[in-house]
Amino acid sequence: MHDSRHNSFLALLVGIAGWLVPGAGHVLLGMWSRGLGVFTIVAALAWTGLALRGRLFAFTTDDFFDLLGFLADCGAGSFFYFALQYNNGGPDVAHAAGDYGTRFFAASGVLNVLAAVDAYRLARGDEQDDDEAPAAAPDSATHAATAAPNSADADPASQLPAASGTSAGIQPMPANSPDAALDETRAPAPADAKEPPRE
Amino acid sequence: MTLTLTHFQALLLFALLISLAFAFLSKRTFGDRARYTLWSMLVFLTAALGIAWLMYFFQR
Chain P
1 MHDSRHNSFL ALLVGIAGWL VPGAGHVLLG MWSRGLGVFT IVAALAWTGL
51 ALRGRLFAFT TDDFFDLLGF LADCGAGSFF YFALQYNNGG PDVAHAAGDY
101 GTRFFAASGV LNVLAAVDAY RLARGDEQDD DEAPAAAPDS ATHAATAAPN
151 SADADPASQL PAASGTSAGI QPMPANSPDA ALDETRAPAP ADAKEPPRE
Chain F
1 MTLTLTHFQA LLLFALLISL AFAFLSKRTF GDRARYTLWS MLVFLTAALG
51 IAWLMYFFQR
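Here the protein sequences line up with chains P and F, keeping their order. Numbering follows my numbering, in which position 53 of the first sequence is assigned residue number 53; successive positions increment by one, without gaps. Numbering follows my numbering, in which position 55 of the second sequence is assigned residue number 55; successive positions increment by one, without gaps.
In short, the hints are calculated from the structure, not lab data. It is possible that some hints are incorrect.
Quick look at which bits of chain F chain P covers, simulated, 3 or more residues with Cβ under 8 Å [what the hints assert, rightly or not]: (1) 5-12; (2) 17-28.
Residues of chain P placed beyond 12 Å of chain F at every Cβ, according to the derived structure [as the list claims (entries may be wrong)]: (3) 10; (4) 33; (5) 47; (6) 59; (7) 67; (8) 100; (9) 126.
Virtual Cβ for every residue (Gly too), placed ideally from N, Cα, C.
With these hints in hand, go ahead and build the complete structure from the sequences.
Dropping the structure here:
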């Protein structure tokens, strides 16, 4: 219980780090290629947005779309702060390039939030990455099943959402089976099964 | 520093960067990322040019 709370807190820190410095969340997890890739791409989008003289949104509650733009820009984390300090002659509202610049910078923020959430999920252990294993030690049932695929703990149904079916009669299927992509997690209904009476 | 891009250059650059980001976040190996980037970029460009041509029929 205590470890679980501790891991959740660390995962939250990883997510916040990934938001503040794009790619930092993945780097903290030891996923260097993904982290550096995220940093480079988010930086390229933000720089292009500024170089095209895009508009940076300020906080406002008067216009809903301006508020959305502000939230998207905030997603770029520290890049948004540096962009606010960088004076590039103001937004270019007379040409389409300025409008493109606005979109480029907003896209950098949205992608950075996506990457930060990805790092958070990896740190929590909600998602398994075989090639670049996260440094955090998740304790979820998913990882218990992954670590011991042939043991009694490796019930594949334990990896499913509660609403997706029952675990009765489910047999593990090889990952390379052509049927693996199908949803075979539901036990087949007996031929003489009757629907429960409706009330 | 300012940058000057045509509409198509901006479209190409945006599609490339977004496709790269999706590939880095969703794929693990270099080959998978390269294939996904190309595929995603192709879809981006096809959709953008397709919608652009569709708008031709709704001009004012």
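Going down the list of hints, with the structure as the test:
no.: 1; hint: 5-12; in the structure: holds (count 3)
no.: 2; hint: 17-28; in the structure: holds (count 7)
no.: 3; hint: 10; in the structure: 21 Å, holds
no.: 4; hint: 33; in the structure: 8 Å, violated
no.: 5; hint: 47; in the structure: 9 Å, violated
no.: 6; hint: 59; in the structure: 26 Å, holds
no.: 7; hint: 67; in the structure: 23 Å, holds
no.: 8; hint: 100; in the structure: 5 Å, violated
no.: 9; hint: 126; in the structure: 14 Å, holds
Comparing the model with each earlier hint shows violations of hints 4, 5 and 8; every other hint is respected.
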